[in-house]
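Asks: Sequence lines, in order, name chains A and B. Going by UniProt numbering, the letters in the first sequence line up with residues 1 to 472, in that order. Going by UniProt numbering, the letters in the second sequence line up with residues 1 to 472, in that order.
To be clear, the hints were calculated from the coordinates, so they are not data collected in a lab. Some hints could be false.
[Claimed, not checked] Taking lysine to any residue pairs in the SDA-like style, the calculated list, with each CA pair at most 25 Å apart, reads:
| no. | chain 1 | residue 1 | chain 2 | residue 2 |
| --- | --- | --- | --- | --- |
| 1 | A | Lys19 | B | Asp105 |
| 2 | B | Lys239 | A | Ala281 |
| 3 | A | Lys239 | B | Arg216 |
| 4 | A | Lys239 | A | Lys366 |
| 5 | A | Lys239 | B | Asp105 |
| 6 | A | Lys239 | B | Ala281 |
| 7 | A | Lys366 | A | Leu443 |
| 8 | B | Lys239 | A | Thr292 |
| 9 | A | Lys239 | B | Val218 |
| 10 | B | Lys239 | A | Ser89 |
| 11 | B | Lys19 | B | Glu42 |
| 12 | A | Lys239 | A | Glu343 |
| 13 | B | Lys366 | B | Gln421 |
| 14 | B | Lys239 | A | Ala339 |
| 15 | A | Lys239 | B | Glu42 |
| 16 | B | Lys239 | A | Asp105 |
| 17 | A | Lys239 | B | Lys239 |
| 18 | A | Lys239 | B | Arg394 |
| 19 | B | Lys239 | A | Ala108 |
| 20 | B | Lys239 | A | Glu439 |
| 21 | B | Lys239 | A | Leu443 |
| 22 | A | Lys239 | B | Lys366 |
| 23 | A | Lys366 | B | Ala103 |
| 24 | A | Lys239 | A | Ser185 |
| 25 | A | Lys366 | A | Ala339 |
| 26 | A | Lys19 | B | His60 |
| 27 | B | Lys366 | B | Ala281 |
| 28 | B | Lys366 | B | Arg394 |
| 29 | A | Lys239 | B | Gln421 |
| 30 | A | Lys19 | A | Ser89 |
| 31 | B | Lys239 | A | Val218 |
| 32 | B | Lys239 | A | Ile104 |
| 33 | A | Lys239 | B | Asp107 |
| 34 | B | Lys239 | A | Lys366 |
| 35 | B | Lys366 | A | Pro345 |
There are 2 protein chains.
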Amino acid sequence: MTDAADRLIRDVQERFGPKAALTDRAALEPWLTDWRGRFRGEARAILSPASTEEVAAMVHLAGRLGVPLVPQGGNTSMVGGATPPADGSALLFSLRRMNRLRAIDADANLAVAEAGVILADLHDRAAAVGRRFPLTLGARGSCTIGGLVSTNAGGTQVLRFGTMRALVAGLEVVLPDGAVHNGLSGLKKDNRGYSIDQLLIGAEGTLGIVTAAALRLVPAVQRRAVAWAGVADPGAALKLLRHMEERTDRVEGFELISGDGLALAVDHIPGIRSPLNGRHAWHVLIEATSATADFDPVPMVQDLLGDAIEAGLVEDATVAASEAQAAALWRIRDSLSEAERAEGPSTAHDISVPVADMPRFLIEAKAAVEAAFPGTVASAFGHLGDGNLHFHVRAGRQAREGWTAREGPGIERFVDDLVTQAGGSISAEHGIGQMKRAELARLAPPGDLAALCAIKAALDPRGIMNPGKLVG
Amino acid sequence: MTDAADRLIRDVQERFGPKAALTDRAALEPWLTDWRGRFRGEARAILSPASTEEVAAMVHLAGRLGVPLVPQGGNTSMVGGATPPADGSALLFSLRRMNRLRAIDADANLAVAEAGVILADLHDRAAAVGRRFPLTLGARGSCTIGGLVSTNAGGTQVLRFGTMRALVAGLEVVLPDGAVHNGLSGLKKDNRGYSIDQLLIGAEGTLGIVTAAALRLVPAVQRRAVAWAGVADPGAALKLLRHMEERTDRVEGFELISGDGLALAVDHIPGIRSPLNGRHAWHVLIEATSATADFDPVPMVQDLLGDAIEAGLVEDATVAASEAQAAALWRIRDSLSEAERAEGPSTAHDISVPVADMPRFLIEAKAAVEAAFPGTVASAFGHLGDGNLHFHVRAGRQAREGWTAREGPGIERFVDDLVTQAGGSISAEHGIGQMKRAELARLAPPGDLAALCAIKAALDPRGIMNPGKLVG
Chain A
1 MTDAADRLIR DVQERFGPKA ALTDRAALEP WLTDWRGRFR GEARAILSPA
51 STEEVAAMVH LAGRLGVPLV PQGGNTSMVG GATPPADGSA LLFSLRRMNR
101 LRAIDADANL AVAEAGVILA DLHDRAAAVG RRFPLTLGAR GSCTIGGLVS
151 TNAGGTQVLR FGTMRALVAG LEVVLPDGAV HNGLSGLKKD NRGYSIDQLL
201 IGAEGTLGIV TAAALRLVPA VQRRAVAWAG VADPGAALKL LRHMEERTDR
251 VEGFELISGD GLALAVDHIP GIRSPLNGRH AWHVLIEATS ATADFDPVPM
301 VQDLLGDAIE AGLVEDATVA ASEAQAAALW RIRDSLSEAE RAEGPSTAHD
351 ISVPVADMPR FLIEAKAAVE AAFPGTVASA FGHLGDGNLH FHVRAGRQAR
401 EGWTAREGPG IERFVDDLVT QAGGSISAEH GIGQMKRAEL ARLAPPGDLA
451 ALCAIKAALD PRGIMNPGKL VG
Chain B
1 MTDAADRLIR DVQERFGPKA ALTDRAALEP WLTDWRGRFR GEARAILSPA
51 STEEVAAMVH LAGRLGVPLV PQGGNTSMVG GATPPADGSA LLFSLRRMNR
101 LRAIDADANL AVAEAGVILA DLHDRAAAVG RRFPLTLGAR GSCTIGGLVS
151 TNAGGTQVLR FGTMRALVAG LEVVLPDGAV HNGLSGLKKD NRGYSIDQLL
201 IGAEGTLGIV TAAALRLVPA VQRRAVAWAG VADPGAALKL LRHMEERTDR
251 VEGFELISGD GLALAVDHIP GIRSPLNGRH AWHVLIEATS ATADFDPVPM
301 VQDLLGDAIE AGLVEDATVA ASEAQAAALW RIRDSLSEAE RAEGPSTAHD
351 ISVPVADMPR FLIEAKAAVE AAFPGTVASA FGHLGDGNLH FHVRAGRQAR
401 EGWTAREGPG IERFVDDLVT QAGGSISAEH GIGQMKRAEL ARLAPPGDLA
451 ALCAIKAALD PRGIMNPGKL VG
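Chain A with its partners taken away, still in its complex shape (with noise of 0.2 Å):
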């Protein structure tokens, strides 16, 4: 391994010049851990194609010598999913060299960009031709499109406009035995058989590597209504959503936030304060948007509000009277995770059930949760209209130094089987990567996890793509 390791190292820079393969250490180590520190791994270099063809060329001559890759963008996986094997076996393969917005056509509404473009950046560029790329997250500095096709990646704006999935009008991909697939011409209907494309994402660079994306884009949002309301459980919340979406489609962003998330948030992090002046069980900010100029969203989720306060399904509410004020309430929102970290130690559980038993399943799993892990406290926020919360299990204040490594994976265990007992997902948007790999094998249906190694199997027989992480 390692004589054929360095014989790509060598074959690579010959061929594609220094910067395409780095072996200097202080380049490698920022790209050996993830990013929260949970994993660490070894590798004795970073490949670091600048073209398709470069990629594709690398790939191959990895497949001949055997030589594992491990695809990394921004190296913002929540599951470990960019962080090579601790023994060294395999490469890093970096695509942020490929940073390039191939083209962008605001009458067609696509972009297509390469595999290493940062999410922020896109957001900008087709702000600059007056269209929007409507998924967003909290990693959007970071974060890059390959990754984002790669773990099907979901965020904030996925009730009005989908995850990657419905985001992609196609891919272009090196397969693992190195030839490339291009679906980027971005046909709106093509049946010529099972999609690569679609098998692309969420594959979490197992089945070949993302090179670039055709990705389509919204109208900008000339306006928008950002609001908060105080609820008295997840039940009226989802019912406070059913509301508005009867009698209005924009609503595009509705994210549910405990109580005690808030209380977190007002404690920890400077600046914060609860946007409603009496106290409330639970939360939900709201944002619904206008892609025309003429059409003013606030007084709109003004009236909606109004009413859902006369129907009982809120208890109070504000929208906030300008962009500084709505800002203010994503901020809340985006700083729910670091109050969490800053209030001790925590397991983070990214799930899904059914949108309609959400409500019930919540109230029960934090019941079930705390009882059977005495001084935790269960706590969730996230995206209830896609039916996918962050449920996160605190260790409570008395918890003593190794909680995390003590409690974590029993824990885990219990809300991945009160998860897959509801019919739901034990990764709603975060991926398996190497994190979730032996629950996934514990949990799927045997005829599933069979069906997705004789896929990885048929598709990279030598097992060079990713290794360790999904079913690799």
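Fit chain B to the given chain A structure using the hints.
Replies: Frame of chain A, contents of chain B only:
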């Protein structure tokens, strides 16, 4: 093979009763030929399960005995996708007894339909709860959900709502090893590895049998505007579409019709007359809808078309003043194929190219085909906004008996070459089936084809699922 098939028939009858395996010639006969009479096959029986459990048991047994199965829904394939092989080695596998609508939830905008549910019945059931399943097409009275999923069907409302791929929230599938994949919970977010659902959509029954689908519903149409416009050329038609899309998101049908296509309908179909007084080289049928009773799309479409006439995009236009007039306009669109058949033999090509390229492609392809095949007339109609047209080549008045058999394959290859050179698809919405199998093998990029074959071999190693179709 004979013994094995007999054994399978006997076992199925013993376990599941005589209805589960019909061998009567009269019962078999209609299903041995495709509806257009282009393909004919042989089979000794139709297996006809009544439940998912029966499907799983029969598929498992067929796999053990090595007897291939040909899944069949409404038998409305355009490419021989549901017609068994001529050698009689396979059994038909009808999903028609599985025709229950298992659930319909207006709040969640979801229906769960078994594979044998007929599209028109789903339309009716959704309407009864104030919702709509938006996909529709000519064969709606006989095509089934299983077939629509398995061919990733399109139709006339794709512009706004997408193909089946966008409307499937989850699938129940019996995999070739007899395992049941259950994706019906309709999770909006689920990142547990490669999407088996997406892989089965458009797989034409070659990777397993779709037994049920969770399908997205949308609000019912309260009011609609249907309009007809005469335009100079396809480029003007596409500009008209962009003109409308910039001003409203309510356009859901936008069908291009050539002047000579309309003339054939007027000539051959009783009761059809041209909607406009003057002559126009090209026509567009437009439908805009409103989901609320308080918005009437008719004045909006009138205004938009008025502006388009002033801008020189449209030569003349009319908006239906009643539901009867609206239906009459759609009747013209729906009778184009019948009119063409009345005129004489023709070849049909279901093609797509990138939307922006379609106007130029159409003009150039028509000229190229008519030059290469003297006496023919190339014409087109269909879904311009999706980049998908039905490009048809008529024999011309002088054509002699046997024209289709003699000239068809050469014309098909010629058109497929043009489409491929233009970066398009030789099958936009009809699939590959047996009709386009050789063309797929000839024209698909070798790397893509290798991936499709690897997936097929991995999931169906015994080759029992719909042999002779796609890459099977």
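Asks: Decide, hint by hint, whether the structure agrees.
Replies: Going down the list of hints, with the structure as the test:
no.: 1; hint: A:Lys19 to B:Asp105; verdict: 56 Å, violated
no.: 2; hint: B:Lys239 to A:Ala281; verdict: 52 Å, violated
no.: 3; hint: A:Lys239 to B:Arg216; verdict: 19 Å, holds
no.: 4; hint: A:Lys239 to A:Lys366; verdict: 21 Å, holds
no.: 5; hint: A:Lys239 to B:Asp105; verdict: 15 Å, holds
no.: 6; hint: A:Lys239 to B:Ala281; verdict: 52 Å, violated
no.: 7; hint: A:Lys366 to A:Leu443; verdict: 21 Å, holds
no.: 8; hint: B:Lys239 to A:Thr292; verdict: 20 Å, holds
no.: 9; hint: A:Lys239 to B:Val218; verdict: 18 Å, holds
no.: 10; hint: B:Lys239 to A:Ser89; verdict: 55 Å, violated
no.: 11; hint: B:Lys19 to B:Glu42; verdict: 20 Å, holds
no.: 12; hint: A:Lys239 to A:Glu343; verdict: 31 Å, violated
no.: 13; hint: B:Lys366 to B:Gln421; verdict: 15 Å, holds
no.: 14; hint: B:Lys239 to A:Ala339; verdict: 51 Å, violated
no.: 15; hint: A:Lys239 to B:Glu42; verdict: 55 Å, violated
no.: 16; hint: B:Lys239 to A:Asp105; verdict: 15 Å, holds
no.: 17; hint: A:Lys239 to B:Lys239; verdict: 42 Å, violated
no.: 18; hint: A:Lys239 to B:Arg394; verdict: 57 Å, violated
no.: 19; hint: B:Lys239 to A:Ala108; verdict: 11 Å, holds
no.: 20; hint: B:Lys239 to A:Glu439; verdict: 52 Å, violated
no.: 21; hint: B:Lys239 to A:Leu443; verdict: 52 Å, violated
no.: 22; hint: A:Lys239 to B:Lys366; verdict: 55 Å, violated
no.: 23; hint: A:Lys366 to B:Ala103; verdict: 29 Å, violated
no.: 24; hint: A:Lys239 to A:Ser185; verdict: 41 Å, violated
no.: 25; hint: A:Lys366 to A:Ala339; verdict: 20 Å, holds
no.: 26; hint: A:Lys19 to B:His60; verdict: 53 Å, violated
no.: 27; hint: B:Lys366 to B:Ala281; verdict: 14 Å, holds
no.: 28; hint: B:Lys366 to B:Arg394; verdict: 11 Å, holds
no.: 29; hint: A:Lys239 to B:Gln421; verdict: 52 Å, violated
no.: 30; hint: A:Lys19 to A:Ser89; verdict: 21 Å, holds
no.: 31; hint: B:Lys239 to A:Val218; verdict: 18 Å, holds
no.: 32; hint: B:Lys239 to A:Ile104; verdict: 18 Å, holds
no.: 33; hint: A:Lys239 to B:Asp107; verdict: 10 Å, holds
no.: 34; hint: B:Lys239 to A:Lys366; verdict: 55 Å, violated
no.: 35; hint: B:Lys366 to A:Pro345; verdict: 68 Å, violated
The earlier numbered hints that this structure contradicts are 1, 2, 6, 10, 12, 14, 15, 17, 18, 20, 21, 22, 23, 24, 26, 29, 34 and 35.
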